[in-house]
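The lines below spell out each chain.
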Amino acid sequence: MNLLLQVVFAGLSVGAVYALVAVGFGVVANGTGAVNFAQGEYVMVGGVVAGVVHEVWHPPLPVSVLCAVAAGVVAGLVTELAVSRFSGARSAEIITIATIGLAVALKAAVLLLTDRKTYGLPHFLGERPLRVGGAVADTQTLWNLAVVFVVAVGLSLFFRRTRQGTILRAAADDPEVVTSLGVPFHSVARWVFVIAAVLGALGGAGLAPLSVMSYESGTLLGLKGFAAAMLGGLGNLYGAVIGGLVIGLVEAAVAGYGSAAYGDAVAFVILLIILFTRPTGLFSQRKVVRV
Amino acid sequence: MTRRLRWRLTTPIALTITAALAAGCSAGADAGADAGAEDSAAIKIGTLYSVTGPAANVGDKMRKGTELAVEQINQRGGIDGRKIEWKFYDPAGDTSTAVTQTRKLLTDDKVDAIVGGGSSSGIALAMGQLTASAKKLFVATEGARAIVQPETEHPLTFKATFNDTVVMQKIIEFWKAKGVTNVALLPDTSGFGQSALEVAEKELPAAGLKLAVASFDPGTGDFTPLLTKLGAGKPQAYLAWTTDSSGVTFLKNARTVVTDGAALIQHSFGFVDDRYMKQAGDAGVGTVLSSPKLPVADLLPDSDPQKKTIGEFAAAYEAKYHEQPNVYAGQAYDALMLAAEAIGKAKSTDGPLAAKALETLGEHVGVTGVFRYSAQDHSGLGTDGVEMIKWDGERFVLAG
Numbered sequence: 089m090n091l092l093l094q095v096v097f098a099g100l101s102v103g104a105v106y107a108l109v110a111v112g113f114g115v116v117a118n119g120t121g122a123v124n125f126a127q128g129e130y131v132m133v134g135g136v137v138a139g140v141v142h143e144v145w146h147p148p149l150p151v152s153v154l155c156a157v158a159a160g161v162v163a164g165l166v167t168e169l170a171v172s173r174f175s176g177a178r179s180a181e182i183i184t185i186a187t188i189g190l191a192v193a194l195k196a197a198v199l200l201l202t203d204r205k206t207y208g209l210p211h212f213l214g215e216r217p218l219r220v221g222g223a224v225a226d227t228q229t230l231w232n233l234a235v236v237f238v239v240a241v242g243l244s245l246f247f248r249r250t251r252q253g254t255i256l257r258a259a260a261d262d263p264e265v266v267t268s269l270g271v272p273f274h275s276v277a278r279w280v281f282v283i284a285a286v287l288g289a290l291g292g293a294g295l296a297p298l299s300v301m302s303y304e305s306g307t308l309l310g311l312k313g314f315a316a317a318m319l320g321g322l323g324n325l326y327g328a329v330i331g332g333l334v335i336g337l338v339e340a341a342v343a344g345y346g347s348a349a350y351g352d353a354v355a356f357v358i359l360l361i362i363l364f365t366r367p368t369g370l371f372s373q374r375k376v377v378r379v
Numbered sequence: 019m020t021r022r023l024r025w026r027l028t029t030p031i032a033l034t035i036t037a038a039l040a041a042g043c044s045a046g047a048d049a050g051a052d053a054g055a056e057d058s059a060a061i062k063i064g065t066l067y068s069v070t071g072p073a074a075n076v077g078d079k080m081r082k083g084t085e086l087a088v089e090q091i092n093q094r095g096g097i098d099g100r101k102i103e104w105k106f107y108d109p110a111g112d113t114s115t116a117v118t119q120t121r122k123l124l125t126d127d128k129v130d131a132i133v134g135g136g137s138s139s140g141i142a143l144a145m146g147q148l149t150a151s152a153k154k155l156f157v158a159t160e161g162a163r164a165i166v167q168p169e170t171e172h173p174l175t176f177k178a179t180f181n182d183t184v185v186m187q188k189i190i191e192f193w194k195a196k197g198v199t200n201v202a203l204l205p206d207t208s209g210f211g212q213s214a215l216e217v218a219e220k221e222l223p224a225a226g227l228k229l230a231v232a233s234f235d236p237g238t239g240d241f242t243p244l245l246t247k248l249g250a251g252k253p254q255a256y257l258a259w260t261t262d263s264s265g266v267t268f269l270k271n272a273r274t275v276v277t278d279g280a281a282l283i284q285h286s287f288g289f290v291d292d293r294y295m296k297q298a299g300d301a302g303v304g305t306v307l308s309s310p311k312l313p314v315a316d317l318l319p320d321s322d323p324q325k326k327t328i329g330e331f332a333a334a335y336e337a338k339y340h341e342q343p344n345v346y347a348g349q350a351y352d353a354l355m356l357a358a359e360a361i362g363k364a365k366s367t368d369g370p371l372a373a374k375a376l377e378t379l380g381e382h383v384g385v386t387g388v389f390r391y392s393a394q395d396h397s398g399l400g401t402d403g404v405e406m407i408k409w410d411g412e413r414f415v416l417a418g
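Chains as they are written, first to last, in our numbering: chain A, 89 to 379; chain B, 19 to 418.
A few of these clues could be false.
A few chain B residues that face chain A, going by a derived Cβ cut-off under 7 Å, partial list only [claimed, not checked]:
hint: 1; residue: N75
hint: 2; residue: T207
hint: 3; residue: S208
hint: 4; residue: G209
hint: 5; residue: S213
hint: 6; residue: L215
hint: 7; residue: G239
hint: 8; residue: T242
hint: 9; residue: P243
hint: 10; residue: K247
hint: 11; residue: V266
hint: 12; residue: T267
hint: 13; residue: T274
hint: 14; residue: D278
hint: 15; residue: V303
Please keep in mind that the hints were generated in silico from the structure rather than gathered at the bench. Ideal placement from N, C-alpha and C gives every residue a C-beta, glycine not left out.
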C-alpha cells in the first residue's frame, strides 16, 4: 500500500466536503457580510433527508439527492425568514448571531424528528473502489470533487456575469445603497441563504455514502468549513475550495504520519494561525467581519 | 432609533435562547415522569439519564430500561410491599447540570438510592462523590472502571456494566483460539476508547500478542490513512473501540484498504447496533463484535443461565415500547433490579446496609450477565457474560 497516495485520496475525500461548506460561508458573506453558523447544519439536513427518503421509500438515488436539494431550499428560506423577516436584522453582526440560534434550532428539530437515528446512502457511482498506484480511491470522492468544481465555477460565473449576481455582490459592499435603489434586503438574503443551503445539502448527500449522517453531524463540519473559508479568504470562492482541500489534506497527513487523535485539532490550529497572521485569508483582500 | 435597534438586537437573541430551550425542553417534560402520588411508605429512587444531548441515543434506551423495571416491580407489589416512587432528570450530557440535579435528588426529593449515572462515565464519576457523602446506594449504568475502582474508596457505589478489562480478556481468549498473534487497535479519543487502550497496552503483551495502535477522533471522516499505516505491520485483526457512528466509516474503509482477506475486522461492545451494521452494507458482513448476550439470546443453548431472563425482558420491552431493546436498556433494567433486590434483602434503605446486601447477594441473573458482587468487585460481571458475535448481513449470530 502506498501511504502517501492514500493520504492524498483521503484528504481530497474529506476536503471536498469542507470545500462545499466553505463556499457556502463565502456566498452568505458576499451577500450579507455575515458569517452563517447554520452552514454545517445544512450539510446535516441534506444528508439526513436524503438518508430518510432512501430508507423509507427506496426511490432511485437521484430522487433522494433531489429531495436533499429541496430540503436545502427550504432550510435556506427558513433561514432568511428567521434572520431577516422576523427579526428585521440587517447588520452583519446581528445576522451572524441569529444564525447561531437557527443552527441550534435546526439540530434540535432534526433530533426530535429522526429520534436520534443515523442514516446512510449507497455510493452514487458504485461501491467498488478504484485502485490507483497501490492506494484506494472511493468513487464517491470523485463525485464530491466534481460537484465542488462545478459549483465553484458556476457560482463564480453567476456572481460576475449575471445581473442578480452583481446585485448580490453590491449588496455585500453597501447594503444601504442597494436598498435605496429598490432591491429589498430580504430578496438578497433569500438568494444567498438558499444558495448556501443547497450547497450544504448537496455536500451532505455526497457525504452520506462515505459516513453516516445524524442530527449531530453538522456542527463540527460547519466549524471546519469555517476554518477552510477563513483560510481561503472569506468570500473568495476559489479560495474556499482550496482552503477546504488543504485542511482535508493536512488532516489526512496528520492521521497517516502522526496520530489521528489530533485530527480535529488541525482545522482549528490552522484557523488560529490564519486569524493571527493573515485574517483576510491567503487569497483575499476583503475586509473581515468581526464576530 | 435606539428602541428600534434594541428590538433588532433582542429578537435574534430571543431566537437563540428559545432554540436552546427547545433543545433542552424534553428535560423538563421528562422530569414529570415520577410515578404516582406521594406515599410516605414508598421507596424513592432517583435516576439521571441524558435523553437529550450527545449521548441521547444511549440515554433514551437506558431511561426505557429503568422505567420498565420500576413498572414491573410496582406491578408485583413493590419491594416488601412498598412501591417505588421514581424521580427522573435529564442532565443532557452536562456534568454541572447533573451535579445540581443529583443534589436536588438527595436533598429536595430525599431519594433512598440513585440508579443510573447520566449516561456518561464522566457524569457518573461526579455523581458518585455526592452519593458517597450522602451515604446513599448508587448503581451506575456507565462503563468506566474508575466509577467503582478502587472498591475500598467507593463502598456504596456499584455498576451494572462490564469492565473493559473483562471484555478485553474475552477478546484475547477468542484471538488465541483463532491463532491470532498480531493485532491492530483503533480506539477513539473518548474516555471509552482510551481506557481500552490502557488495558490493551497492559494485557496484550502479557498474553504474547503483538499490538499496533492508532487512536482517532469521533467523527473521523476517512480511516484509509490509518488503516494503510497499520496495514504495514500485517495485523491479523483490526479492532475498533468506539461508540461513535464513525465506526461505520471504519468498516467501509477497512473492506477496501485491508488487502488481507483473512484479517478479522472487529468492533468492541460499544458498537453492537444492527442499524450501524446495516449502514455499513456489504462492508459490515462478517464483522466480529464482543457483546453481552442480548442480541443473540435466541441462539444461546437452553442451558444458558441468562436465556430465560433475557427472553422475558425482551418480550416485556417490545410490548411496552414497540422496539427492540439494546444492551443499554438491558443494563439500565439490571441496575434498578439490583438496587431493588439489595434494598429488599437489607430490609432497609440505609446506604451501607443496602451496599452490604448487594455484596452478599450471591448470584443475580440479569439481562447483561450474571452479577456476582463482592466487597472487592463492584462490577460483578465476568467473561461468562460476554459473547463473541458476528454480523451475517441480516442479524447477529454467534461467532464461535
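- Task: Could you check the structure against the hints above and give me the numbers of any it violates, in ascending order?
- Result: Of the numbered hints given earlier, those the structure breaks are 3, 4, 5, 6, 14 and 15, listed in rising order.
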